[in-house]
Each structure stands twice: as structure tokens, then as C-alpha cells.
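Participant: Here is what each chain is made of, one letter per residue.
There are 2 protein chains.
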Amino acid sequence: MNDLYVVGIGPGAYEKMTLEAIRVLENCQTIVGYTVYIDLIRDHFPDKTYITTPMRQEEARCRMALEKAASGCPTALICSGDSGVYGMAGLVLELLPGYPKVRVKVIPGVTAALAGGALLGAPLAHDLAIISLSDLLTPMEKIRAKLEAVAAADLVICLYNPSSKKRKDHLKMACTIVLGCRHKDTVCGIVKNIGRKGQELKILTLEALAEMETDMFTTVFIGNSQTKKIGPYMVTPRGYTVAPHTR
Amino acid sequence: MNDLYVVGIGPGAYEKMTLEAIRVLENCQTIVGYTVYIDLIRDHFPDKTYITTPMRQEEARCRMALEKAASGCPTALICSGDSGVYGMAGLVLELLPGYPKVRVKVIPGVTAALAGGALLGAPLAHDLAIISLSDLLTPMEKIRAKLEAVAAADLVICLYNPSSKKRKDHLKMACTIVLGCRHKDTVCGIVKNIGRKGQELKILTLEALAEMETDMFTTVFIGNSQTKKIGPYMVTPRGYTVAPHTR
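First to last, the protein sequences are chains A and B.
Numbered per this note's numbering, the first sequence spans residues 27 to 273.
Numbered per this note's numbering, the second sequence spans residues 27 to 273.
Do not take every clue at face value.
No copy labels: a pair is met if it fits in one copy or bridges any two.
Using 25 Å as the maximum straight-line C-alpha spacing, the simulated PhoX-like pairs for lysine-lysine come out as follows [claimed, not checked]: (1) Lys210 - Lys168; (2) Lys168 - Lys192; (3) Lys254 - Lys223; (4) Lys198 - Lys210; (5) Lys194 - Lys168.
To be clear, the hints were calculated from the coordinates, so they are not data collected in a lab.
Nothing here was measured: the structure is a model prediction, and the numbers come from that model.
Make the full structure from the sequences, and use the hints.
Facilitator: Written out as C-alpha cells, the structure reads:
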């Protein structure tokens, strides 16, 4: 059997990779990935064969990696953040039955919710939902229904892909839904370019978040009814005591 | 200012720590943590001063770490998994205003949802919720309401603390709620002792999950309507196409 490793490289900085991910990449001759993510690691792993594909070529990228592994070459397919959370591991495993000589190993990594959360403080210290606002593969009505459900049930919400050039108003839509059942002063946070050049973070109210312009490299955090701002930090307590923002 | 690092060490295996976490622990003289987690890392970081506290002494543990840092000693407080997701970062930041000489740095890590998900395949490749079934700090009615909301909205559900000696029936209660709006054949998975001695994993139906006995070192995954079993893997597709398990 030939191994294909699907590797979560974390948010981008070398030191935020796990030791396991580093060792796997050191041992693979071929590394496949989206151009932007390859550029984040290339300097740390010289003398590799890099195969890059542009955005939205996910299936082609997975097939290239599977074919390279099937040919007997130790291969890694890299994903930013975790390999599972909106990563390539699912698609690779869906395609795997067509490659009987390949065995897949999924290597987890620090997804943006965790890396961004650590920069903001501790927004995710209680029950949470991660929802992508991208409607490329999920109907918008389903995204709306998910937002309504988790907002009403008081989960901390972390939004991936809050907007893009084509979807400028998705974050506003999401905030409007959450404002239907959370106070306008709910503590929120945004982190841009986590662990990379141009890193920015901001703690703001839900009302102010609704007016923010973001991009696809931004991760958004919406606190629950208990989330507080303590100095420069966004902090969600571990349980329920008093409710500073109840309606 | 004196730094206190709140460090997520991942599921337990040394190689699943981030390089950043390893470097921080190497540079700290004092490492504070719950006995079980200290034992996971002790051999890799010799010549440290270790301060261990038993379970449920979370506030005492955080205060010890804050006091040690305030005294000028480079100190790390470790958490299993991530430092933020049900970790100690929140409690430390809540206590921080009492320690004006201390600056806190939160170091993220691979939480059980990601580490366990990688072992099962790719259960978390679409929108997900992480919910703890521990009712020590959260009223059971709130936990039930969260489960009902995310079950109805078709999020993949990852359950932490599915049961303990005192709470043997919590997992069954959770499955019964989810069975109210998901098919009994929904693909589920459980992972026990992730990355540690005694690691076990199993893929099973929601109906079978309801009858399982678990413990506090088990992480539970409940698929959404699209989640499939592909060979030995639990895989959630990246979007919505057909619905294999709709009611």
C-alpha cells in the first residue's frame, strides 16, 4: 500500500504546525496544495516536488495527490488549518475507492477557530458552532436555518468564509439573523490573516460587526449571552451564572 | 510584565503538540496542570518544576499558575486538547484582573474533535457543533435545547464529556433527542483515549450509539444527513447533493 497523507498545516506560521505534520512533510517527496498554502510552507521544506493548483480546483487537486501516491511516491496533500474542518480529507476519502493501492492518513491541525480564538482570548470556552457562509455547495436557505438554530440556542458561533468578492453581504445577513435573538451589545471578534503577514484583530459589538467588511481570510466570532470583554480579551465563561446580555 | 502561557497540548501524544507549544514548555521553568495531563508530557520535558492539582480544582490550578507567573517565574498552564475549547484560558483571563503584573498568552492546540475526527476519517468536513454533556456548570435544560437546535438544523455534532460515573445516561438522552429529527441509521463514530494508550474507535449507527457506554475520555461524533461510511471511514461531504438519510 502507498500512503497519502492529508495534512492540516494550521493557520500558516511554521511553529503552529504540529510536530507530526512537520515530520510527515519532511518525509514526503511530493507536496500538493493550493498555491497560497504551498507558499506558506515552501521555505521550510526545500528540495520537495511541489504541485500547486488554483482555488476551486479541489477535486483535481485531490486526484493529483491520489495518483501521485498510487504511483508509489510518498505524497502529502496540505490544507490550511485542519485537514478535516472544511478541509480536503473528506473529498480525498470520497475519491479513495477509485485508488485501491492507496491508504490515506489524516493528520489534524489547528483550525482557524482555535488559532483565532487564542489571539482574541478565550471566546470558545463553551459550546460552539462553526458555520461556513459560503453558498457554493450549500443552499443559502440551509445556512440561514443553521444560523437561526444556533443563535437561538445560545452557542458561541464561529463563521468561516464570512464573505468574498461575490458575497459581500453574507456577514450582514448572518448578523441580522443572530440579532433576532441576541442583544446588539453581544461581544464579537474578528481575526484577519491569523498567524500571517497582515494579522489584525478587533473586538466589537454584534451591531458593529453587522457593518464590517471582511474577506475570505477573516474568521468571525460571535459570543454567547455570557461572553464578556475583559481588558483586551474576548472571554466566554465555562458555564451559566448571570446573564449580562439577555433580552 | 511576567508571561503566563496557557498551552493546549493536543490529545496527548508528543508529536500532536504544535512546535509552538513544545518551545513554550521548553522555555518555562514551571509547568502547572491536572495530574493526568502532566503525566502525558513529563518525560518529554525533564528538569521542570511540575505543579499538579486534582480534577475539579480548576480555579485553584489557575490561581497557582497566575501566582507563580506573578512571582517572576516563566510559567505554563497546560490543558489537554486546545487551551480555549473547554480549556483553562477562559478562567485564567477571568482571574487575570487580580494579577496586574501578569500577561497571558494563549497557545492553541489540536482539540479532541479534530484529533478524533482525523482518526475516523473526515466527519467534520461541514458545519459542526461541539457540545459538552457535562451539567456541572450548565443546566441540563440548556444542554437539551442546544442538542435539539443543532440536531434539527443538520449540523454535525461532536459531544465532549458524553458521560461519567455520575452521569451514565447523558449520551442516551442526547441520542434520543437527535433521533427526534435524524434517521436511526445516521452514521456516528466514537473515539476513546485519542492518541494515548488504549485508543479505540468505532463507527456505528445513531440507534446503536444510544446504547453505548462511554466514559469521560471518549469523544462522540454524530453525522449530518449527508454523512457516509466509506470503507472504514466516517465521511461528511462538503455540501448538499442527495440526502441518503432523510426522514
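Participant: Up to 25 Å between alpha-carbons, please classify Lys254 paired with Lys223: within, between, both or neither.
Facilitator: So Lys254 and Lys223 fail the 25 Å test inside a copy (28 Å) and across (38 Å) alike.
Participant: 25 Å Cα cut-off: does Lys210 pair with Lys168 within a copy, between copies, both or neither?
Facilitator: both (24 Å within a copy, 22 Å between copies)
Participant: Can you tell me if Lys198 and Lys210 fall within 25 Å by alpha carbon in one copy, between copies, both or neither?
Facilitator: within (13 Å within a copy, 36 Å between copies)
Participant: Have a look at Lys194 and Lys168 and pick one of within, between, both or neither, based on CA distance no larger than 25 Å.
Facilitator: within (19 Å within a copy, 34 Å between copies)
Participant: For the identical chains here, do Lys168 and Lys192 meet the 25 Å Cα criterion within one copy, between copies, both, or neither?
Facilitator: within (19 Å within a copy, 37 Å between copies)
Violated hint: 3 only; the structure is consistent with all others.
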